[in-house]
Amino acid sequence: MRKLVLVSISLVLLAVGASPASAAIVPCGTTTLDTLIGAGNGCSIQDKVFTNFAYTTAGKPATDVEVQTVFTTVGPTSEIHGFIFSPVNGTGTWTVGFTLSYNISVDPAFPGVTIIASKDQINTGLTPNGTVMTDTQTFGTIVTNGLAVANETNQISFAGATSVDTSSVLTLAGGSQLVSFEQDFFETVPGPAVPEPATLLLLGSGLVAAGVFGRKRLGGRKA
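This note's numbering applies: residue 7 is where the sequence shown begins, and numbers increase by one.
These are calculated hints, taken from the structure and not from any lab test. Be aware that a few hints might be false.
What the hints assert, rightly or not - In silico lysine to aspartate or glutamate, EDC-like type, Cα no more than 20 Å apart, as pairs:
1. K66 <-> D40
2. K66 <-> E188
3. K125 <-> D40
4. K125 <-> E85
5. K125 <-> D70
6. K125 <-> E188
7. K125 <-> E158
Said to hold, decoys possible - Distance ranges between label pairs, derived from CB positions:
8. T140 <-> A115: 17 to 27 Å
9. A165 <-> D40: 32 to 42 Å
10. G118 <-> A64: 40 to 50 Å
11. A115 <-> V80: 13 to 23 Å
12. Q74 <-> T101: 15 to 25 Å
13. A115 <-> G81: 17 to 27 Å
14. G81 <-> G35: 21 to 31 Å
15. F77 <-> T142: 23 to 33 Å
16. I31 <-> T147: 24 to 34 Å
17. I86 <-> V32: 38 to 48 Å
18. G131 <-> S169: 27 to 37 Å
19. P117 <-> V76: 16 to 26 Å
20. P67 <-> D171: 20 to 30 Å
21. A179 <-> A115: 37 to 47 Å
Cβ coordinates follow ideal geometry from the N, Cα and C atoms, glycine included.
Given these sequences and hints, build the entire structure.
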């Protein structure tokens, strides 16, 4: 009987071990796009979670696309999170268009944080060309192209949100190329708590009372 139980347990463990590992959120850093693609997959950094990555192209595969995390503190109540997408070293540039989408959300553990703006930038190399990136987000559409000095969009502000879906579509004219694509999201974070006037008044009264009480005690000892 004991042998039968042990055999049953072993079979269960083997079945569990043979099942495919479920996708998991990983820390954002420098990785490849294929690592972030998959149901429930993505990455997180501080109060931001990036999920639902999807990438479609007839050209460069996701394994050849490097993803580098952008994180900048702008001030005490403002930060920038985002990514720089570029071909892995030695794999050249994009010469065929693609569609890239994902979601950026605020971790529920950080109440008061909201996404308030976005900005795109494409690098088409030394020679401007007919490369166009159309980025459709929850709040509107950003069009970035490689003509003249329009490689970088202005910061576009919108009503604070805790979740933004973004879908970028790259199109290239004949002979055009894309070296890299940067997408930044601006956020506002709660500043240090400022005591209300009533709270300050109570605190001041308490300090005064403590001072008077302390003087009385010292006076009593001297007597």
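Taking the earlier hints as the rules, which of them does this structure contradict? Numbers 3, 5, 8, 17 - these are the hints that the structure violates, sorted from lowest upward.
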